[in-house]
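Those protein sequence lines, which keep their order, are chains C and E. Yeah, the first sequence ends on 502 if you go by my numbering, and it's all consecutive. Yeah, the second sequence ends on 499 if you go by my numbering, and it's all consecutive.
These aren't lab readings, by the way, just hints derived from the structure by calculation. Computed from a predicted structure; not experimentally measured. Idealized CB from N, CA, C, for every residue including glycine. Incorrect hints may have been included.
[What the hints assert, rightly or not] Below, a list of computed lysine-lysine pairs in the DSBU-like style, where the Cα atoms sit at most 30 Å apart:
| no. | chain 1 | residue 1 | chain 2 | residue 2 |
| --- | --- | --- | --- | --- |
| 1 | C | LYS96 | E | LYS388 |
| 2 | C | LYS291 | E | LYS95 |
| 3 | C | LYS242 | E | LYS352 |
| 4 | E | LYS352 | C | LYS146 |
| 5 | E | LYS343 | C | LYS146 |
| 6 | E | LYS388 | C | LYS146 |
| 7 | E | LYS494 | C | LYS96 |
| 8 | C | LYS291 | E | LYS364 |
| 9 | C | LYS96 | E | LYS95 |
| 10 | C | LYS96 | E | LYS364 |
[Said to hold, decoys possible] Coverage of chain E stretches by chain C, computed from C-beta distances (three or more under 8 Å per stretch; other residues unrestricted):
| no. | region |
| --- | --- |
| 11 | 205–211 |
| 12 | 369–375 |
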Amino acid sequence: MTAATDAADLVDFDEVLERYDPAFGLEVHVELNTNTKMFCGCPATFGGEPNTQVCPTCLGLPGAMPVVNAKAVESAIRIGLALNGSIAEWCRFARKNYFYPDMPKNFQTSQYDEPIVYDGYLDVEVEGETFRVDIERAHMEEDTGKTTHIGGATGRIHGADYSLVDYNRAGIPLIEIVTRPITGAGAKAPLVARAYVAALREILLGLGVSDVRMDQGSMRCDVNLSLSPKGSDDLGTRTETKNVNSLRSVERAMRFEMSRHAGILDAGEAIFQETRHFHEDTGTTSAGRPKSDADDYRYFPEPDLVPVAPSREWVEELRGTLPEPPAVKRARLQAAWGYSDLEMRDVWAAGAMVLIEETVAAGASAQAARKWWMAELSRSANDRGVELAELGVTPAQVAEVQKLVDAKTLTDKLARQVFEGLVAGEGTVAEIIDARGLAVVSDDGELGAAVDDAIAAQPAVADKIRGGNQAAAGALIGAVMKATGGKADAKRVRELILEKLA
Amino acid sequence: MSELIQKTAAELSEALAAGETTSVELTQAHIDRISAVDGDVHAFLHVDTEGALAQAAASDARRADGELLHALDGVPIAVKDVLTTTGLPTTCGSKMLEGWIPPYDATVVTKIKNAGLPILGKTNMDEFAMGSSTEHSAYGPTRNPWKLDRIPGGSGGGSAAAVAAFEAPLALGTDTGGSIRQPGAVTGTVGVKPTYGSVSRYGLVALANSLDQVGPVTRTVLDSALLHELIGGHDPLDSTSTTTPVTGLVDAARQGATGDLKGVKVGVIKELAGEGWAPDVMAKFDESVDLLTKLGAEVVEVSTPSFEHAMAAYYLILPAECSSNLAKFDAMRYGLRVTPDGKTPSAEAVMKASRDAGFGDEVKRRIILGTYALSSGYYDAYYGQAQKIRTLIIEDFKKAFEQVDVLVSPTSPSTAFPLGAKLDDPLAMYMQDLATIPANLAGTPGISVPAGVSDDDGLPVGVQLLAPVLEDARLYRVGAALEAAVGSVLSIDKLEVAR
Numbered sequence: 001m002t003a004a005t006d007a008a009d010l011v012d013f014d015e016v017l018e019r020y021d022p023a024f025g026l027e028v029h030v031e032l033n034t035n036t037k038m039f040c041g042c043p044a045t046f047g048g049e050p051n052t053q054v055c056p057t058c059l060g061l062p063g064a065m066p067v068v069n070a071k072a073v074e075s076a077i078r079i080g081l082a083l084n085g086s087i088a089e090w091c092r093f094a095r096k097n098y099f100y101p102d103m104p105k106n107f108q109t110s111q112y113d114e115p116i117v118y119d120g121y122l123d124v125e126v127e128g129e130t131f132r133v134d135i136e137r138a139h140m141e142e143d144t145g146k147t148t149h150i151g152g153a154t155g156r157i158h159g160a161d162y163s164l165v166d167y168n169r170a171g172i173p174l175i176e177i178v179t180r181p182i183t184g185a186g187a188k189a190p191l192v193a194r195a196y197v198a199a200l201r202e203i204l205l206g207l208g209v210s211d212v213r214m215d216q217g218s219m220r221c222d223v224n225l226s227l228s229p230k231g232s233d234d235l236g237t238r239t240e241t242k243n244v245n246s247l248r249s250v251e252r253a254m255r256f257e258m259s260r261h262a263g264i265l266d267a268g269e270a271i272f273q274e275t276r277h278f279h280e281d282t283g284t285t286s287a288g289r290p291k292s293d294a295d296d297y298r299y300f301p302e303p304d305l306v307p308v309a310p311s312r313e314w315v316e317e318l319r320g321t322l323p324e325p326p327a328v329k330r331a332r333l334q335a336a337w338g339y340s341d342l343e344m345r346d347v348w349a350a351g352a353m354v355l356i357e358e359t360v361a362a363g364a365s366a367q368a369a370r371k372w373w374m375a376e377l378s379r380s381a382n383d384r385g386v387e388l389a390e391l392g393v394t395p396a397q398v399a400e401v402q403k404l405v406d407a408k409t410l411t412d413k414l415a416r417q418v419f420e421g422l423v424a425g426e427g428t429v430a431e432i433i434d435a436r437g438l439a440v441v442s443d444d445g446e447l448g449a450a451v452d453d454a455i456a457a458q459p460a461v462a463d464k465i466r467g468g469n470q471a472a473a474g475a476l477i478g479a480v481m482k483a484t485g486g487k488a489d490a491k492r493v494r495e496l497i498l499e500k501l502a
Numbered sequence: 001m002s003e004l005i006q007k008t009a010a011e012l013s014e015a016l017a018a019g020e021t022t023s024v025e026l027t028q029a030h031i032d033r034i035s036a037v038d039g040d041v042h043a044f045l046h047v048d049t050e051g052a053l054a055q056a057a058a059s060d061a062r063r064a065d066g067e068l069l070h071a072l073d074g075v076p077i078a079v080k081d082v083l084t085t086t087g088l089p090t091t092c093g094s095k096m097l098e099g100w101i102p103p104y105d106a107t108v109v110t111k112i113k114n115a116g117l118p119i120l121g122k123t124n125m126d127e128f129a130m131g132s133s134t135e136h137s138a139y140g141p142t143r144n145p146w147k148l149d150r151i152p153g154g155s156g157g158g159s160a161a162a163v164a165a166f167e168a169p170l171a172l173g174t175d176t177g178g179s180i181r182q183p184g185a186v187t188g189t190v191g192v193k194p195t196y197g198s199v200s201r202y203g204l205v206a207l208a209n210s211l212d213q214v215g216p217v218t219r220t221v222l223d224s225a226l227l228h229e230l231i232g233g234h235d236p237l238d239s240t241s242t243t244t245p246v247t248g249l250v251d252a253a254r255q256g257a258t259g260d261l262k263g264v265k266v267g268v269i270k271e272l273a274g275e276g277w278a279p280d281v282m283a284k285f286d287e288s289v290d291l292l293t294k295l296g297a298e299v300v301e302v303s304t305p306s307f308e309h310a311m312a313a314y315y316l317i318l319p320a321e322c323s324s325n326l327a328k329f330d331a332m333r334y335g336l337r338v339t340p341d342g343k344t345p346s347a348e349a350v351m352k353a354s355r356d357a358g359f360g361d362e363v364k365r366r367i368i369l370g371t372y373a374l375s376s377g378y379y380d381a382y383y384g385q386a387q388k389i390r391t392l393i394i395e396d397f398k399k400a401f402e403q404v405d406v407l408v409s410p411t412s413p414s415t416a417f418p419l420g421a422k423l424d425d426p427l428a429m430y431m432q433d434l435a436t437i438p439a440n441l442a443g444t445p446g447i448s449v450p451a452g453v454s455d456d457d458g459l460p461v462g463v464q465l466l467a468p469v470l471e472d473a474r475l476y477r478v479g480a481a482l483e484a485a486v487g488s489v490l491s492i493d494k495l496e497v498a499r
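In isolation and in its complexed conformation, chain C is listed as follows (with noise of 0.2 Å):
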């Protein structure tokens, strides 16, 4: 049935759309940052040599206990309420029973029906239309180790020789994330789902709470979708791709799940429920293990450890540590700086929008910190192929810069070379400037031999302005400022000729 369902044609986007209505749920896991993890005193850390951040417990080794770590449940705190949802007055970890070898216990210690995090949503924005995501719930639980499967072609543990196993991931807490199923994107359900994830990664950035880093897998997104005949109210058989590991991968997953389940649709099949893989490389999904929803993994409230009951009080103080909603704080900046729609949406996707702001913090104006860092800097980036951040170009640095053109001690031209400097490694500002010999030229006296030299040297131009012509002054600043390297102040320089020519 796999195969068959894997062999359908893939309908046309659009033309999905003319028959299907998609809904679509996700599911997303955050690795949390704590120093420990989430039942013992172990180090959380990333990497390591295998099997040197574990211990008895961790290990699930006979006769070890869990003691939930009090930090891990106020960053599940914390984040419930970044997402508008409600806290548990009480709440149990549950175990969920199945076998795996990266699971030291061959169960998991996770949330069942008594989830930390209810109820809450969050608006993302998706070409100017809000839609609002219902979350479910977020609950804590454990990660497991990490296989690698040596031998055989695949990779996988089939057909693999042996396998090796590394315990240090395991038991580090995480946080799972569910949304409710999500109706009514239609066309723009790729892109929501995609703006979901985003939103989210930058709400948990901002709380300090994860690393968010996807392609490490702090942080990892699964995607269920199904297809209903346009115009009905049930869910159809969904499928969930597993694993998406990139804001891009998740849209394109969507998008390649909508086109193979329309394909099987049409073609008069049924859907089967099961696990997908994506494929970053080829943008399609591949069949994983069968689901039903009778999946038993046999719940119990975990005995070892004893309920969580945040009490009100401390859900309110962490209440008060939350930092503001990145969407407000967007519409609160954009509002400062006067930037339109457009300007503000490129700065954020550029991810420039906190780089601005500690810039114009560093004294440069909204416009000039918007000018170097989406122009200039931007195109230093993409050519390097880092991010903005990554540049080694510091807020205070270009503000540092402007502040020299500001006082005319630079212009933008120079202020380029500066930049340039910058990004190559080349010292401080004032090194770059002093290295390169980039600072203005203002000395009237330099500039006034200059003017003279020009004037003399195109005696017509000389003369057009005499006769009242102003405008004719470019060529003669041209010369000028190719006389004096592109160092001069242009405006100083037109005012001396002015001055020589009245």
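Chain E: place on chain C using the hints.
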């Protein structure tokens, strides 16, 4: 030699303090006794002669240096093989863990080590603590030192037999449904199940986490109090551990030993006396109740109607928890690994073959029961219902303790039965814990105190006392009074093994 091993832990403590003996001397005496009788009794799975003597020598050195010592420093102890011990195998009586040496100590083991008690070795038990006769040990049964064709109770039969046979003055046991108290009753020793959570479970290989409790096995109530105070108290590694300090038990035992129980109200549990109980057991129990009255206690009958469902609830909750606990024994990381014949087997095939070979019948039975009870569609009907019964039992206890200070019942329905008698009848085996199970479901403390020997077979009978949560001291007061009134039950010359 034989004089030393017949002393109680409290007496040994005094003898050490008075310089009348050394820890090395009395540890050696117990090792000699083990060498002499354990071939018949089989109370021990591992004897650590070298380690125990080294710990004893260290204790003697501390004493010579005038260091401040714990009262039990230098008094040797035996430890049930379900508690993890560094450097000593921990098998839980199972082939699955044969030869496994844990890299860490259970908190109670750390505590007895820190207090300077030499560890004689690890005692036999029903596999993963499942059973009431120690016949389910993968390493062969323990025999009752009173009569070698009889069971020593279970699952802590090894610990109880070691203490009853004078191989150790003290032992640690674990009690999930009566595994300290029932062996205590049938071997003529004192066994205590402390309030749930008042003794750390960290390092106790879990049978059923919500029911398990570590506790003392000794020959006197006072010795249990000494050991109980030592192992009790909060443990940050066990989140279910209570923060209430465990104190006042030794004082309560000494007070009780004066024999005055005026002002104490004792409730006889109606549902745990009468039908289903052997007449010789009931006779001894009635005598004990009379003695309590003579000591000044007011005795009334109380009813705990939900107790009749305790057994059913227990045999749903316990297998549910243990089916999950035992899932970790998959032959991948430690313990037994059986690789089936043929070409490269799958992980599943290795797991299957290993579990088939490594787990005994009783363990398999309970895994299957528990898996079924938790499975979707049956959870509410079984596990959910069992939890409701548990709540009713807690309510029954609350109501009973509004009327009385302690509750009494026989500990076990019969004296020690012959080896093999109930091995093919799991239900009959389960019935052994009829009286002890409610305390585990409710988390209340319980003690079994010898009530004399049966007029029929001359084997010991135990009386169980129960108190409200965290009121363990009441058990020691009433238990010590009863012990003094009953008089000596266990002595070395009464044992078949002594001959």
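Taking the hints in turn, this is what the structure says about them:
| no. | hint | in the structure |
| --- | --- | --- |
| 1 | LYS96/C with LYS388/E | holds, 22 Å |
| 2 | LYS291/C with LYS95/E | violated, 36 Å |
| 3 | LYS242/C with LYS352/E | holds, 29 Å |
| 4 | LYS352/E with LYS146/C | holds, 23 Å |
| 5 | LYS343/E with LYS146/C | holds, 26 Å |
| 6 | LYS388/E with LYS146/C | violated, 39 Å |
| 7 | LYS494/E with LYS96/C | violated, 52 Å |
| 8 | LYS291/C with LYS364/E | holds, 28 Å |
| 9 | LYS96/C with LYS95/E | holds, 27 Å |
| 10 | LYS96/C with LYS364/E | holds, 21 Å |
| 11 | 205–211 | holds (count 5) |
| 12 | 369–375 | holds (count 3) |
Checked against the numbered hints given earlier, this structure breaks hints 2, 6 and 7; the rest are met.
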